[in-house]
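Chains as they are written, first to last, in this note's numbering: chain A, 1 to 636; chain B, 1 to 256; chain C, 1 to 220.
Hints in this document: simulated from the structure, not taken from any laboratory. Hints should not be assumed to be uniformly reliable.
[Unchecked claim] Covered by chain C, per the in silico footprint, the following chain B stretches (three or more residues, Cβ under 8 Å):
(1) 76-84
(2) 143-156
(3) 180-190
(4) 208-216
[Stated by the list, open to error] Residues from chain B shown here face chain A by an in silico Cβ test under 10 Å; the list is partial:
(5) I134
(6) E159
(7) K174
(8) A247
(9) I249
(10) A253
[Unchecked claim] Calculated cross-link-like contacts (lysine-lysine; reagent style BS3-like; alpha-carbon spacing at most 27 Å):
(11) K94(C) <-> K28(B)
(12) K192(C) <-> K126(B)
(13) K467(A) <-> K495(A)
(14) K174(B) <-> K132(C)
(15) K94(C) <-> K109(B)
(16) K126(B) <-> K483(A)
(17) K192(C) <-> K109(B)
A virtual CB, placed ideally from N, CA and C, is assigned to each residue, including glycine.
Here is what each chain is made of, one letter per residue.
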Amino acid sequence: MIKLDAKIPEGHISQKWTNHKFNMKLVNPSNKRKYDVIVVGTGLAGASAAATLAELGYKVKAFTFHDSPRRAHSIAAQGGINASKNYQNDGDSDFRLFYDTIKGGDFRSREANTYRLAEVSGNIIDQAVAQGVPFAREYGGTLANRSFGGAQVSRTFYARGETGQQLLLGAYSSLSRQIGLKTVEMYTHREMLDVVIVDGQAKGIIVRNLLTGETERYSAQAVILATGGYSRVFYLSTSAMNSNATAVWRAHKKGAAFANPCYTQIHPTSLPIHGELQSKRVLMSESLRNDGRIWVSKQKNDMREATDIPELERDYYLERKYPSFGNLSPRDISSRSAKEACDEGRGVKGNNSVYLDFSNAINRLGENVIRERYGNLFDMYQNITGENPYKIPMQIYPAPHYTMGGLWVDYNLMSNVPGLFVLGEANFSDHGANRLGASALMQGLADGYFVIPYTLGNYFSTEKPAKVTIEHPAFVESENAVKEQVIQLMSIKGKQTVDSIHKRLGQIMWDKVGMERNEKGLKEAISEISALREEFWKDVNVVGQDKDLNQTLERAGRVADFLELGELMAIDALNRNESCGGHFREEYQTEEGEALRNDEEYASVSAWDFKNVGQWELNKEPLAFEYVKLATRSYK
Amino acid sequence: MENHNINLTLNIWRQENPSTEGRFDEFKVSTSPDASILEMLDELNNTLEAKGERPIAFESDCREGICGTCGVVVNGHPHGPLPKIATCQLHMRTFKNGENLYIEPFRAKAYNIIKDLIVDRSPLDKIIQSGGFISINTGSAPDANIHPISKETATIAIEAAECIGCGACVAACKNASAMLFVSAKVSQFAVLPQGQLERYDRVQAMVNTMDEMGFGSCTNTYACEAECPKGVSITNIARMNRDFLNAKISSHALHF
Amino acid sequence: MSWLSRSFKTSIGQKLVMTITGLLLFFFLFVHLAGNFTIWGGEAFFTRYVSTLESLGNFTHFIEVGLALLFIVHIFFGLRLALQNAEKRPIQYKVYESNNLIDFSARYTWQTGVLILVFLVVHLITFWYLYKFGGEGRELFEIVTTWFANPLYSLFYIIIMIALGIHLQHGFQSAFQTLGWTHPKFTPIIEKLGTFIAWLFGLGFSLIPIYFYFSAIGGN
Chain A
1 MIKLDAKIPE GHISQKWTNH KFNMKLVNPS NKRKYDVIVV GTGLAGASAA ATLAELGYKV
61 KAFTFHDSPR RAHSIAAQGG INASKNYQND GDSDFRLFYD TIKGGDFRSR EANTYRLAEV
121 SGNIIDQAVA QGVPFAREYG GTLANRSFGG AQVSRTFYAR GETGQQLLLG AYSSLSRQIG
181 LKTVEMYTHR EMLDVVIVDG QAKGIIVRNL LTGETERYSA QAVILATGGY SRVFYLSTSA
241 MNSNATAVWR AHKKGAAFAN PCYTQIHPTS LPIHGELQSK RVLMSESLRN DGRIWVSKQK
301 NDMREATDIP ELERDYYLER KYPSFGNLSP RDISSRSAKE ACDEGRGVKG NNSVYLDFSN
361 AINRLGENVI RERYGNLFDM YQNITGENPY KIPMQIYPAP HYTMGGLWVD YNLMSNVPGL
421 FVLGEANFSD HGANRLGASA LMQGLADGYF VIPYTLGNYF STEKPAKVTI EHPAFVESEN
481 AVKEQVIQLM SIKGKQTVDS IHKRLGQIMW DKVGMERNEK GLKEAISEIS ALREEFWKDV
541 NVVGQDKDLN QTLERAGRVA DFLELGELMA IDALNRNESC GGHFREEYQT EEGEALRNDE
601 EYASVSAWDF KNVGQWELNK EPLAFEYVKL ATRSYK
Chain B
1 MENHNINLTL NIWRQENPST EGRFDEFKVS TSPDASILEM LDELNNTLEA KGERPIAFES
61 DCREGICGTC GVVVNGHPHG PLPKIATCQL HMRTFKNGEN LYIEPFRAKA YNIIKDLIVD
121 RSPLDKIIQS GGFISINTGS APDANIHPIS KETATIAIEA AECIGCGACV AACKNASAML
181 FVSAKVSQFA VLPQGQLERY DRVQAMVNTM DEMGFGSCTN TYACEAECPK GVSITNIARM
241 NRDFLNAKIS SHALHF
Chain C
1 MSWLSRSFKT SIGQKLVMTI TGLLLFFFLF VHLAGNFTIW GGEAFFTRYV STLESLGNFT
61 HFIEVGLALL FIVHIFFGLR LALQNAEKRP IQYKVYESNN LIDFSARYTW QTGVLILVFL
121 VVHLITFWYL YKFGGEGREL FEIVTTWFAN PLYSLFYIII MIALGIHLQH GFQSAFQTLG
181 WTHPKFTPII EKLGTFIAWL FGLGFSLIPI YFYFSAIGGN
């Protein structure tokens with residue numbers, strides 16, 4: 001068993017972070033430069049952490065597998081970032097943001113972490129604006145807000161439909177400034193393939209230089225992973241092509257517990273799959289659901305064109321099932337309903353997609369108003385599908401999006417491996433079983449700008465971690481293991497391409513560990529994934545050379561890890577005998593088909609300890625809800 | 001979304017590494033018109049891999065036109081012949097059955113070819129590192145509403161800030177100039193109140209680095225604007241020119 | 001003063017030199033064109049204009065030296081920029097279409113510039129040198145009419161004046177861009193003005209050879 005001490009500070013929830021900041025030990029400014037820190041990943045969490053730690057005086061080495069830190073997938077976030085500024089005078093507060101996040105997460109997140117997230121949210125906006133992030137403005141020049149799902153206040157700050165891009169470029173500019181000042185050494189084209197642990201503490205990493213294929217060792221007194229989510233395990237997801245779980249997975253195999261792997265968010269408004277060649281899913285902003293009506297035919301396998309299906313033969317299923325929230329029902333519910341309709345054969349022409357229809361809104365408001373509101377999204381739709389959404393209803397279908405699960409961390413964002421910190425989507429801590437819109441950007445930046453700078457110092461001053469050189473036997477051993485795996489992958493020379501196996505894994509995950517799960521399917525998934533994994537190691541073909549830029553090899557390593565992670569996701573889903581947020585077990589639903597939680601047995605974090613490939617040990621961290629009362633979510 | 005494959009002849013630039021000579025390889029493909037050009041290349045690569053051959057190296061990541069990772073020249077246009085899209089948003093229905101496609105890397109002295117269609121765009125990062133920021137340490141920011149910013153200013157700022165750093169402007173320019181990229185960042189900060197303190201140092205530092213990195217100079221042809229996937233405007237270049245001149249006249253900094 | 005020399009070596013610094021010399025040369029051309037138009041007043045009027053210029057003495061020499069300097073700097077920086085830019089893409093594209101999206105005049109700025117340079121030399125030799133050092137008693141009016149009676153010379157002159165128009169079409173609005181004098185309200189006006197100036201200069205300068213050529217063959 002591993003010890004899961006969340007290290008939640010004493011005191012009232014609103015005082016915990018303040019007390020903790022005071023109680024934590026500090027590192028003298030002149031001593032900071034004696035500490036090396038490795039930051040893996042340069043998205044919102046990684047870039048903000050690397051920049052801030054360098055500003056404080058630590059010696060930072062930052063790593064990304066991209067050609068530039070600005071490419072991280074945080075850049076693709078569209079909608080916005082929440083903050084409890086209460087600029088709108090509409091009753092927002094830290095507590096309300098905290099409350100909404102806990103409720104939205106279906107009571108499966110840690111109260112103390114979530115409150116801190118709300119508490120620092122306002123500072124993020126201040127920081128971003130000071131960096132020159134061009135948020136939307138009111139005519140009077142003050143910051144504008146919009147509302148997002150799961151909240152009754154307007155607290156979402158945004159920059160057109162490119163909030164993630166603007167915030168990432170803000171963090172990237174801060175990081176670039178430190179690179180220019182030579183306080184951050186930036187290593188691009190480096191993929192982390194192992195964490196080096198010496199005497200139980202994280203002391204460095206092994207990376208593969210993606211340009212030369214050489215493995216390299218880097219040491220530091222602490223390692224920070226900010227490497228994002230793992231929804232590419234589904235192959236088709238809204239994540240970027242290169243998003244992967246390798247860094248967290250290799251850390252997991254070195255002893256870091258993986259928490260709640262089964263919590264995945266399926267986003268309802270993604271473009272449907274166009275065919276075999278599809279490489280990823282493209283998201284359309286949820287805001288479309290404000291004016292679009294979602295429907296399918298009442299008949300199965302209705303092959304008529306949308307415009308030929310008369311009003312009476314259409315089923316506006318969200319409006320029918322959830323009259324008070326209608327087309328704006330939460331993500332998990334909307335996604336599941338779409339799947340249900342398609343599974344019944346009522347999808348568009350019997351396929352997997354449903355209509356998102358603007359004809360009512362266009363008739364009511366005129367095409368110009370709709371163009372003003374959603375013009376760029378309509379253009380994007382037309383560009384991708386070749387169809388004119390002003391004339392023909394859009395088609396949408398849910399897609400894997402965000403992964404709430406991740407490496408287990410305590411209140412200080414440190415994993416159970418001392419010196420190994422995990423930030424942003426890569427950790428599990430703040431969103432419970434379902435993340436609310438506009439909260440991912442908030443969490444990544446909160447972790448990087450305002451949490452890790454304090455808690456890392458505390459680790460250094462209390463643990464006084466020793467410096468280890470890269471000649472240490474642990475580094476040699478780690479590097480050899482990484483090299484061996486590369487050689488092994490190269491030497492299989494089988495018949496199947498990496499992508500073809502990844503696609504098959506994705507299909508299993510989508511069918512059986514996707515939006516709806518059941519015991520039978522999960523058990524099948526577990527055996528199918530482990531069989532596929534065996535097949536991969538016998539029959540994959542990785543062409544090219546290892547000491548070279550080799551994208552096939554890069555993908556092969558990532559798929560190898562997905563083939564292990566996928567199994568753990570299924571095991572976790574099978575183990576969690578309840579439905580909550582993004583985890584919906586068919587066996588556990590109310591009569592109306594809503595998620596049925598089991599707070600008696602599962603108000604806890606499932607943290608899995610890696611024993612061997614295909615073997616894990618479950619550890620549970622109980623979750624206490626002292627400030628928000630456990631209740632059933634209802635959107636009817 | 002009908003499925004009638006189209007047949008194309010692809011001439012793709014292949015180059016083993018920065019120091020070897022490159023060449024065009026010809027491939028015949030049949031592909032779905034609904035696929036993006038990168039998905040078409042994915043499929044081609046899978047076919048090559050299945051035959052044990054080396055796939056074509058090309059970069060991409062988000063595949064929704066925002067990360068700036070992808071970028072090749074298709075039939076003489078960076079990001080292909082359609083305006084205001086990145087390569088990943090170029091769909092095969094753009095092309096006619098039987099068409100001949102030339103797919104080349106972004107070419108510029110400042111961009112070394114790493115392999116096939118992948119080029120080294122790190123000089124763009126170096127320019128940002130030399131001044132493309134506002135020097136504000138975390139934690140010292142005043143309240144976000146302290147500077148009212150008019151909608152007009154906010155619009156100029158975000159339209160400049162939308163640059164995705166793909167480097168297509170350099171690839172399009174006959175002089176391989178990076179002025180659109182640099183001016184977009186200079187402009188974003190030049191119009192915002194937060195950016196005023198370092199305004200003149202910033203423009204001079206960034207222009208100096210741009211020159212050092214081996215980019216050409218701007219001869220105001222505006223091919224960059226025409227090919228920019230985000231439609232970043234050349235008025236940003238004018239603004240940068242103006243700031244540069246003003247900096248030279250009024251800034252006290254002698255080291256530039 | 002090293003900041004000054006450094007500044008003139010930057011890409012924008014060099015462009016500013018091009019712009020400022022270019023704008024000054026534009027004013028010269030404007031005056032030149034106005035002067036040329038005195039020829040429509042007849043031989044006597046034209047000759048009086050020429051002799052008025054002569055009578056200014058040292059002032060004319062001062063202007064001539066200044067003009068020469070402007071031309072030299074403009075040409076030197078222009079050629080240097082063109083050469084520098086030419087090496088910024090060592091491997092050319094197999095297919096290069098971006099350049100076809102841009103304005104014709106912008107595509108060929110340095111090439112039209114070189115044509116004008118060639119003309120400048122010919123022009124100085126055939127008019128200025130011949131007038132000043134070509135022997136006794138030849139009036140400029142006579143030199144002009146003699147040369148323009150030659151169809152090849154007139155054709156050459158006209159082609160160059162078209163090139164000049166193209167050069168200015170780009171150069172005029174380009175100067176405003178380089179100085180950063182752009183504005184959503186005024187830039188469109190400047191662009192139109194640039195086109196007008198291109199036509200004005202191209203046609204205005206061409207009218208003289210056309211008129212004198214046809215006068216010559218017409219026997220007047």
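Quick rundown of the hints versus the structure:
1. 76-84: holds (count 4)
2. 143-156: Since three or more residues must qualify, the claim that chain C covers the stretch 143-156 of chain B is violated, with 0 doing so at under 8 Å.
3. 180-190: violated (count 0)
4. 208-216: As far as the stretch 208-216 of chain B goes, the hint holds, because 6 residues have Cβ atoms under 8 Å from chain C.
5. I134: 5 Å, holds
6. E159: With a closest approach of 9 Å, the E159(B) hint holds.
7. K174: For K174(B), the interface hint is violated, since the closest Cβ of chain A sits about 25 Å away, which is over 10 Å.
8. A247: Since chain A brings no Cβ nearer than about 18 Å to A247(B), farther than 10 Å, the hint is violated.
9. I249: With a closest approach of 24 Å, the I249(B) hint is violated.
10. A253: 16 Å, violated
11. K94(C) <-> K28(B): Satisfied, since the Cα-Cα distance of roughly 19 Å is no more than 27 Å.
12. K192(C) <-> K126(B): 39 Å, violated
13. K467(A) <-> K495(A): Cα-Cα ~46 Å, so violated.
14. K174(B) <-> K132(C): Since the Cα atoms of K174(B) and K132(C) sit roughly 43 Å apart, the hinted pair is violated (cutoff 27 Å).
15. K94(C) <-> K109(B): 16 Å, holds
16. K126(B) <-> K483(A): 32 Å, violated
17. K192(C) <-> K109(B): With a Cα-Cα distance of about 35 Å, the restraint between K192(C) and K109(B) is violated, given a limit of 27 Å.
The structure shown violates the earlier hints numbered 2, 3, 7, 8, 9, 10, 12, 13, 14, 16, 17.
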